[in-house]
Amino acid sequence: MATVFGTAGEDLIKSGAGDRLENFGLHDKIEINNREFHVHTGALIENRKVISEVFEKGMFLISREYQIDLRTERRQISYEFLNEVTERFHQSVMEELAALYLIEEKLERYRHPKSHYHLGVLFLKRNLFREAIKQFKVALEQDNTFNQAYLGLGISYLKSRQFYSALETFRQALAQGDKYPDFLNYFGLTYLFLEDYDHATSLFKESARINPNYVEAQFNMGVALYKSALEGAKDASAVAVPARVSIYLKQVRDLSKYRVPHWQREFNSLLELLKENNHTQIIPQLENFQLRLVDLAADRYKIYEFYLRFLFGGNEFSLETIRKYEEFFYQNEEEQGQYPDFWNNLGTFNLVKSRGLYLKAMSEFEKALTLAPQFEDARLNLERTRSHEKGFLILLRAILK
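Just so we're aligned: the sequence shown equals residues 385 to 785 in the numbering used here.
Read the hints as simulated data drawn from the structure, not as lab findings.
Hints may be right or wrong, so weigh each one.
[Unchecked claim] Under the rule of at most 16 Å between Cα atoms (straight-line distance), these lysine to aspartate or glutamate pairs were calculated in the EDC-like manner:
1) Lys563 / Glu590
2) Lys611 / Glu579
3) Lys413 / Glu480
4) Lys641 / Glu718
5) Lys611 / Asp580
6) Lys641 / Glu719
7) Lys686 / Glu480
8) Lys708 / Glu420
9) Lys518 / Glu489
10) Lys498 / Asp527
11) Lys543 / Glu515
12) Lys509 / Glu480
13) Lys686 / Asp725
14) Lys611 / Glu671
Since we're looking at a predicted model, the values are computed, not measured.
Please put together the full structure from these sequences, using the hints given.
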């Protein structure tokens, strides 16, 4: 499925080069269901990170980063270690992408709206809008009261700039009684892109009224007032960017989820652009940025990925793979610890982890018997463990489904 076009790694590493991404370039092509994805991965020594980017037909889809513990002094850097980490991360990005399509294929045989919704979220996170739309639609066909699936479908249409489809989807969600601040914000954003400023402003105001700390809605309202002023102006050059656009953009920038270097650079670049008052440059940049801020289940998508790969991923989850997901279940424990979902998800994860340890225990009993075939204790332990293996797996699948 994957073809390596070239690894610009070994010779460059041995020569001591490698401060920039291209010096550790790994490039694979993956063909899935008549789709062709290109995955580029490289190490940035100065930033102590490995970055992997996925493209389709030259269009950027996603970027993934992995922080590495690396000493700053060049003479102490192990390029063999760096190359190994880069290769491993590169492979993991490709495996995750391929796993989604394998899950999609297997999920077609099941009526399980929650899993279709989870898969839709994972496709959406990778900007694979066509696949996301399909999964959210299937979830709604199986359960037409599934509010989160309406939200996911509307967001998929919104981010792919299918604004009329997004509007109709959000209207259906509203009929289901969905009036959460994020829903109202995205509904308002859809009206804003359709240049219905009155409806947009009304929805942003309602979103901010319900949650006064929802600065994204306040920012969007500022943009709505700005665009409305431009539309009604005889001389656009006389219109200044409203101060509230910059004020709330800075407040969005200061949210914890955006306190990472690449987001901070983008926020600061946009803030500088706003000072120039060049509307023809500002408006498209603002619009692109507004769509980039649209997100769904931002803090849970890796948890959804874990569940789906365990249930429908095909191969048995190794203990090493399970442990890679552990940090995502403990993420933001101080903030999330007050919510029952946090503890329910953590409990489920630990059951899956127990399954991994269960299999590891069986392999160790088997190893003992390989070394000593007459070792009665090991034989009995293995038999007892095997006799409960199926029941344990049934329990896990029942809980996850």
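How the hints compare with the structure:
A distance of roughly 9 Å separates the Cα atoms of Lys563 and Glu590; the hinted pair therefore holds under the 16 Å criterion. At roughly 8 Å between alpha-carbon atoms, Lys611 and Glu579 fall within 16 Å of each other, so this suggested pair holds. Among the hinted pairs, Lys413 with Glu480 is consistent with the structure: their alpha-carbon atoms are about 14 Å apart, no more than 16 Å. The suggested pairing of Lys641 with Glu718 holds, with an alpha-carbon distance near 15 Å, which does not exceed 16 Å.
Note on Lys611 and Asp580: the hinted pairing holds, with a Cα-Cα distance of about 10 Å set against a maximum of 16 Å. The hinted pair formed by Lys641 and Glu719 meets the criterion: a straight-line CA distance of about 13 Å does not exceed 16 Å. Our distance criterion of 16 Å between C-alpha atoms is met by Lys686 and Glu480, whose separation comes to about 11 Å. Of the pairs offered as hints, the one joining Lys708 and Glu420 is violated, with about 27 Å between alpha carbons and a cut-off of 16 Å exceeded.
With a CA separation close to 12 Å, the supplied pair Lys518 and Glu489 stays within the 16 Å bound. Between Lys498 and Asp527 the alpha-carbon distance is near 9 Å, which keeps this suggested pair within the 16 Å criterion. Restraint check for Lys543 and Glu515: satisfied, since their Cα atoms lie roughly 13 Å apart, inside the 16 Å limit. Simply put, Lys509 and Glu480 have alpha-carbon atoms about 12 Å apart, close enough for the 16 Å limit, and the pair holds.
Taken as a hint, the Lys686 and Asp725 pair is honoured in the structure, with Cα atoms around 15 Å apart against an allowance of 16 Å. This hinted pair checks out: Lys611 and Glu671 have alpha carbons roughly 11 Å apart, not beyond 16 Å.
In terms of the numbered hints stated before, the structure departs from hint 8 and from no other.
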